[in-house]
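Peer 1: Reconstruct the complex from the two isolated chains, following the hints.
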Amino acid sequence: MTSHRAFIGLGSNMGDRAANLACAHEALSAVGTVLRASSVYRTRPWGRLEQPDFYNAAVLLETDRSPQELLDALHAIERRLGRTEGERWGPRAIDLDLLLFDDLTIAQPNLQVPHPHYAERAFVLVPLAEIDERFAAMRDALDPGDLAGVVRVGEYDLSRSGAGRRESVEPMSSTNAASVGERVRALAAFLSEGDAVRLRIERGDEAIELSARRSAAARTHSSDGSASEAPPLRVDTIKADLVGIFHLGRPAPVEGELLDGDRELGYIEALGIRTPIHSMGMGRLVSIAAGDESPVEYGQPLFSIARG
Amino acid sequence: MIANRGEIALRINRACQELGVSTVAIFSEADRESMHVRQADEAFCVGPGPAARSYLNIPNIISTALITRCDAIHPGYGFLAENARFAEICTDHGLEFIGPKPKVISLMGDKATAKRVLRDAGVATTPGTGVLASLDDAYAAAESVGYPILLKATAGGGGRGMRVVLEPGELARAYAGATAEAEASFKDGRVYIEKLIRSPRHIEVQVLGDEFGNIVHLGERDCSMQKPAHQKIIEETPAPHLAETVRNSLQEMALRACRSVGYTNAGTLEFLAAGDDVYFMEMNTRIQVEHPVTEMVYNIDLVKEQIRIASGEPLGYAQGDLVARGHAIECRINAEDTNNHFAPAAGTVSKVVFPGGPGIRVDTHVYAGATIPPYYDSMIAKVVAYGDTREIAIARMERALRETLVEGVETTVGLCLEILATPGFRQGRYDVEFLPKELAAR
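In order, the protein sequence lines correspond to chains A and B.
Going by this note's numbering, the first sequence opens with residue 1, and the numbers climb by one from there.
Going by this note's numbering, the second sequence opens with residue 1, and the numbers climb by one from there.
If we strip away everything but chain B, and leave its shape as in the complex, we get (with noise of 0.2 angstroms):
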């Protein structure tokens, strides 16, 4: 069963057929007209267009797969791909969740436990304290981890009870207001002390491990290219300018921390890099989206290989096998007015041609006609365009995105367009403020 909607669940569907391997797609009523509802071979309506009824209604979806005798269920990204309960629940009832055992999920879900696990690896996370006692305890402690530093509230959230601290001078009077704020946010005044990462570019690393602990990493992807609010709008692999070592020594951490916790099937860790320091930030323990530039290099099939873990099949290839290969871009053409901080356009597709050609390749559920209902991500296609090298990676992408046609909502193609042609992208001299300050200037 593929308990999702939109591109990944084609994507899933796509998978599924060539292996050979039977679908049981799940719909809301906002969906019914689909795309993937109709490739799939059957399929069930399990609530109203509201996510939160259908896409994550746990008891419609486990009953429909139960009652359509499912073997194993793919979550895709999003929903209810990190939801550990699900994961759970699934093998209560006979289903193999395609994805990590229930307790890594959630392990990894847990963002504090996580990075402490990790770091207890030998995994390098964001340098910082505890929790501080006194002002002469911040200066001493702000000494240790080195300037700039951020002062953060332990109960803190949404930027309050948090200060930018650049240089000793200033953090006396960080600390009196930092304390005061997270005191009247929170009621709760305790504060610590992280390292600033400034302007850090998002690089991630793929990871694939089996059942009978075989782990391989199939490289990184740079997401550096991010919309306010860090939401990934391009990502390339392999990332630029990436030095060896900190490629090396990146692969090798994905590698020590999937060891550490038992890690299965797909996952990605996202690390922020600056210069030569590299932090763990996060693991996701499922597809995600950029999988396909990955896919383009290593010329594998990320999605069909977690079905083949989750069946019980050994990798059957090790690290030294894997060999990346060419350069690979994917942009994500998103239905939102770009003029408008991104606002979501719900509407119909009236006309849309999509790019073909030489190494591109264009992952959707979009076609004349269809709509866009308002319920969900504004993720309307995914284009990828594949060169031996950067150069020619780029030059695809944009005679790719220049053929491509979408009329009825707005959507990103234009500022992805925009987007390649700044000599920074050009360069890949670009971090994660990169877009923001380019969008700020207009």
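Bound conformation, chain A alone (with noise of 0.2 angstroms):
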């Protein structure tokens, strides 16, 4: 019988989620046999907020099966160890996604492989890359906030638990703790190097707020003197994420336009849907970089945003 090799993402956010993983893991075993396994990841949820961090990890499996029926499979071990239907991204106790399927593309309404948002999700792609190196380009892609909020939890490793294990794991571990302080620290550094003026961090209910001043001498060297107009931290670009006709909002926003708050900057007509741009914040309108009713494409550039 031809075997195949299947990426799945694991992933908890209620009850005791480390034994969680922990029984789908087992499970698997009876599906196929598991090559490899990451090790255990505490991550925000995407969408709501308000519910419990995600634990997430992925696994390799070599399996018989054919794609629907491993998928089949892996609804099963999810309605086992107890995921409720009905509310798409609420709590549950075990998400299983087939997210590679050997090298196959499919497309059908109930089974898409590649699973469609793989290649986007720290969640996703930092225990894939901890797996197979060949995904560490695409993890390495992606922005760095969304990557610093996955992090390792403690030492706890699948391919190590046994059968049924059932202890839970501290959430905060002190190797996480000791990660906040490394980065406070590389903050203050790109703070003593930089112009930045204020800085504040959140990630899941911690936030970092630091604040910098010039220093006199620096203040000394400057040419103009011009010290409390501080240049932005970065630069946003929003770009079109689907194809249609590009509107700028009414009244007609400007470049150089200070944007006080969230701001609706103008939207896509597609399909007879308009979807609007919002400026995502506050800041400085750069520029604006698509013409008024004009065609855009996946990815173009619309507007630029400064920060700070």
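Hint data in this document are derived by calculation from the structure and do not stem from the laboratory.
Some hints could be false.
Said to hold, decoys possible - Part of the chain B face toward chain A, derived, beta carbon under 8 angstroms:
1. PHE44
2. PRO59
3. SER63
4. ALA368
From the three backbone atoms N, C-alpha and C, an ideal C-beta is built for every residue, glycine too.
Peer 2: What follows is the structure, encoded as structure tokens:
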């Protein structure tokens, strides 16, 4: 019989999450041979922020099942371990995603391989890259902020967990705390070099805020002496995520305009539906990159906004 | 609009250019530097690398077609080519889908229904039974179908609940095993019998139908040279050593099948052939990868025909006007590691030289410096050789493959040369089990 290799993503954010992952790992061993298993990672949930953090992991499974059969088996495990249907992005005891199956591309309404969103999710790619370095480049291409939100949980490792292991793991381990400290030090170093005035980082339920004033020495060296107007920390480019006709909002935004909150800058009209484009927070509108009422393609830059 | 990528997108673009039709290409972020993007009159990015979000992204594809004021969409093969819902959505938006009608795509997409409908139309399908009530029932049914037989689970798939039974003595044990396994795997122990076709050849018939009920066939292609997991690697036409009676019956059945469902545009009916027996397997409601071999011997541009038919033109010729001449062979050059279970090899093609000269056609989208993204099919080129006889075509193909140079990724060029040199291929005596056996013996 032909054997196949499938990458499966595991997630849990209900009950004893580490134990749920261990049970799912155990159940997967009945569907095939688990060739590799990643560490367990802790991730903030997508979509709904008031629910507990997710625990995520990934395994490489060797199986003789077809993609559809494997998917059915994954659903059966989910049901057995108590995932309640209905609430998309809601709390779940166990969530199993078929990420890749050999080199197949399958697009059926109920079965899509590769998993449509796997390439953009840090909680998928971080564990994947741990068990197969071919995904490292994809992982490294993700937004560093997203990657920082996926933290390895202690030394917990699926492959070393015994059957039905029920010990719970401290969600905030000392390793994690140390990495926060490291991050603060790195940020402080960044601030001392740059011209930044204030920086706030939010992750989970923690927030770190750092302020730095340019030193008197730096001020004397600055040619114009306008120390009060620090340049922005970064410029965001807002890109089109669908194909359609781009329209500027009314009243039309102007380059150089200060956006003092989230603002609808325009919309893309496609198939009779208008999808608004938001400024995604405050900042200064640096440039408008697409013409009013012009066709735009996927990924086309629309606006640049300076933050800070 | 060309809703595809790779060599077939380029192939469709060529047909459009020759017809004076302007083109819009779509591409994913991974294909920005791809040849089809450069050759088309306009090109639109419709999503990121993974196909599910770009080449299968129906809203973005339809939106692109509408804002660029396209009249029609050619889906190529793969991706959305056999998606009846997509064909329907095209029609809803006033876009001509270049292919058969959505209800025919959906009928042929459901293999069991397609078999039943075509059997009713007088097309030979694999002999089999309904669900078996008991072991006694199984004995009687197996006798009437004729050994060897396959016991298959109604709910089955992936080979579970399936047993090969060569003779009556094995039936009782196999029946018990298959029902138990089916019950355990699918909670449905029902099984049925299908005749086991041993070492079949894979032979398919090309058809074209217009909107006025005219249907012609363009001969057969022998696609029996397959890698493990039924992936075609070398195709040829005409099929060597095919009895004239069998050939006629295949062609006749193909036409009958198309008439019974009101088939329009290009399509292919796949059959299994064992000796003088042929059985309908499935119908592909699209242009196929291996269509160039048919084009070579009939001197007909199938993609142009597809576009003409979709724009409402009649075929303009009858079956009697179509005459095949000579022999054509196609080798698929895939970026794959033939020593490692044909694992797809993504990477950058650092150097490439494709063959030329008399009787050689190369359909490819690859150039020196081109990257092969990991998201899609691994085929990078099709080399087609034509000759007055099969021997001449083989000699040309060997010469052409030796001229071929691809550096930077592993390819199937070497494997194709090895296959061409085997006595089995030389003599035209091979079936679908030929290559897997050769590979296993390595």
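Peer 1: Checked against the structure, which of the hints given earlier come out wrong?
Peer 2: 4
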